[in-house]
Amino acid sequence: MAEKQSGFFGYVRKDGSVGVRNYVAILPSVVCVNEVVEAIVANTVMTQGIIHHQGCCQTPPDLERTTECLIKIGENPNVGAVLIVSLGCEGVDTDRLEAALRRTGKPVDRINVQELGGTSRAIQAGLDKAQRLIRKIAGEQRVEVDMSHFTMGIKCGASDTTSGIASNPVIGYVADKVVDLGGTVIFGETTEFIGAEHILKRRAKNAEVAADIDRIVIEMENRAKAIGVDMRKGQPTPGNIKGGLSTIEEKSLGAIVKSGTKTIQGVIDYTEIPKGKGLWIKDSPGREIELMSGMAIGGAQIILFSTGRGAPQGFPVVPVIKICGNPITYERMIHDMDINAGLITTGERSLEEVGEEVFEMMLRVASGEVTKGEAIKYSKSMDFYMLGPVI
Numbered sequence: 001m002a003e004k005q006s007g008f009f010g011y012v013r014k015d016g017s018v019g020v021r022n023y024v025a026i027l028p029s030v031v032c033v034n035e036v037v038e039a040i041v042a043n044t045v046m047t048q049g050i051i052h053h054q055g056c057c058q059t060p061p062d063l064e065r066t067t068e069c070l071i072k073i074g075e076n077p078n079v080g081a082v083l084i085v086s087l088g089c090e091g092v093d094t095d096r097l098e099a100a101l102r103r104t105g106k107p108v109d110r111i112n113v114q115e116l117g118g119t120s121r122a123i124q125a126g127l128d129k130a131q132r133l134i135r136k137i138a139g140e141q142r143v144e145v146d147m148s149h150f151t152m153g154i155k156c157g158a159s160d161t162t163s164g165i166a167s168n169p170v171i172g173y174v175a176d177k178v179v180d181l182g183g184t185v186i187f188g189e190t191t192e193f194i195g196a197e198h199i200l201k202r203r204a205k206n207a208e209v210a211a212d213i214d215r216i217v218i219e220m221e222n223r224a225k226a227i228g229v230d231m232r233k234g235q236p237t238p239g240n241i242k243g244g245l246s247t248i249e250e251k252s253l254g255a256i257v258k259s260g261t262k263t264i265q266g267v268i269d270y271t272e273i274p275k276g277k278g279l280w281i282k283d284s285p286g287r288e289i290e291l292m293s294g295m296a297i298g299g300a301q302i303i304l305f306s307t308g309r310g311a312p313q314g315f316p317v318v319p320v321i322k323i324c325g326n327p328i329t330y331e332r333m334i335h336d337m338d339i340n341a342g343l344i345t346t347g348e349r350s351l352e353e354v355g356e357e358v359f360e361m362m363l364r365v366a367s368g369e370v371t372k373g374e375a376i377k378y379s380k381s382m383d384f385y386m387l388g389p390v391i
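Going by my numbering, the sequence shown opens with residue 1, and the numbers climb by one from there.
Any given hint could be a false lead.
[Stated by the list, open to error] Once the Cα atoms are required to be at most 25 Å apart in a straight line, the calculated DSS-like pairs of lysine-lysine come out as:
1. 277 with 262
2. 72 with 136
3. 72 with 380
4. 262 with 225
5. 225 with 205
6. 377 with 14
7. 129 with 201
8. 277 with 72
9. 129 with 205
10. 377 with 129
11. 136 with 205
12. 129 with 14
13. 262 with 201
14. 201 with 225
15. 277 with 201
16. 201 with 136
Keep in mind the hints are simulated off the structure, nothing from the lab.
Generate the whole structure from the sequences, applying the supplied hints.
And the structure:
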């Protein structure tokens, strides 16, 4: 059955990308206007707020990084239109931001809180502009496309021993299938490559990609050393340890399984999108909010999220499918978990059976079915991964 469902119904954008959702992104250029954004989203449909904590008082490299993150979120295929909300004195160049987003061909508008005379007037102006944007894109129809238009992000969080033996292998199964069908898969969590680099390097496309895998792991470790700490004091987390993962190396060996078995085409920076089809590594941290943001920045339309202890996080503009490897956790958190991969650990189902279940659900979600997290609007878990201090 799944072999016949090798495509999905999505929204074709002017740049040729295909969205699985059709949101108006309410995009704050700076942390100072987050509450204006939240007020606009609370009083409109089809909108999602891109709530982050950057945009001013940053080092020049991080300010550039923030700007690129905002542009890439607005470019994500699941975004049909963008309303930029600026304060008026932030570090982000909002003219550049608007110009970049207009080049996508999507409807774009903008408000400036200081120019409008404060938050109350800005909220009203934002509601008026958001309404117009919503009406512009509300009539867009889904069309059938093949999997070459599909990009999947993958993540694991709140992991325990069942993650590495059930839910992560299931995602790996789906990742292989997506690549075989001509799609793109992005995986990251550089901290969770430590101790497993040699395995990933064997799958590298060439020596340059293998060297890049080594490089990003060393750079991640050096960031921790630069402030005089051992990264292993933060990884694995206390929850991981309680769940049976004793070391970062043990955690890594389970984590990389979710990438499947295909050739790694390359390593991309946090603000980059894959340079072709197939399997790609994104240099990124392990924490959910920054990692999922990185997937969306990379153009992912859907994120598959493996968990053992139970992680409920969603994302504003990208559906997140929760796959739980622990049958006890699945029953306890049944309103948050989409797929029970714990049936593999109990021997009731095979890896292939659950993998096909996830793949089929993923195609349905791509065509409009909502995840459990979307149904309860648990979708605000995001922020951008910065390299330097706030100044």
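Structure-based check of each hint:
no. : hint         : result
1   : 277 with 262 : 12 Å, holds
2   : 72 with 136  : 21 Å, holds
3   : 72 with 380  : 17 Å, holds
4   : 262 with 225 : 33 Å, violated
5   : 225 with 205 : 30 Å, violated
6   : 377 with 14  : 28 Å, violated
7   : 129 with 201 : 49 Å, violated
8   : 277 with 72  : 18 Å, holds
9   : 129 with 205 : 47 Å, violated
10  : 377 with 129 : 23 Å, holds
11  : 136 with 205 : 43 Å, violated
12  : 129 with 14  : 21 Å, holds
13  : 262 with 201 : 12 Å, holds
14  : 201 with 225 : 24 Å, holds
15  : 277 with 201 : 19 Å, holds
16  : 201 with 136 : 47 Å, violated
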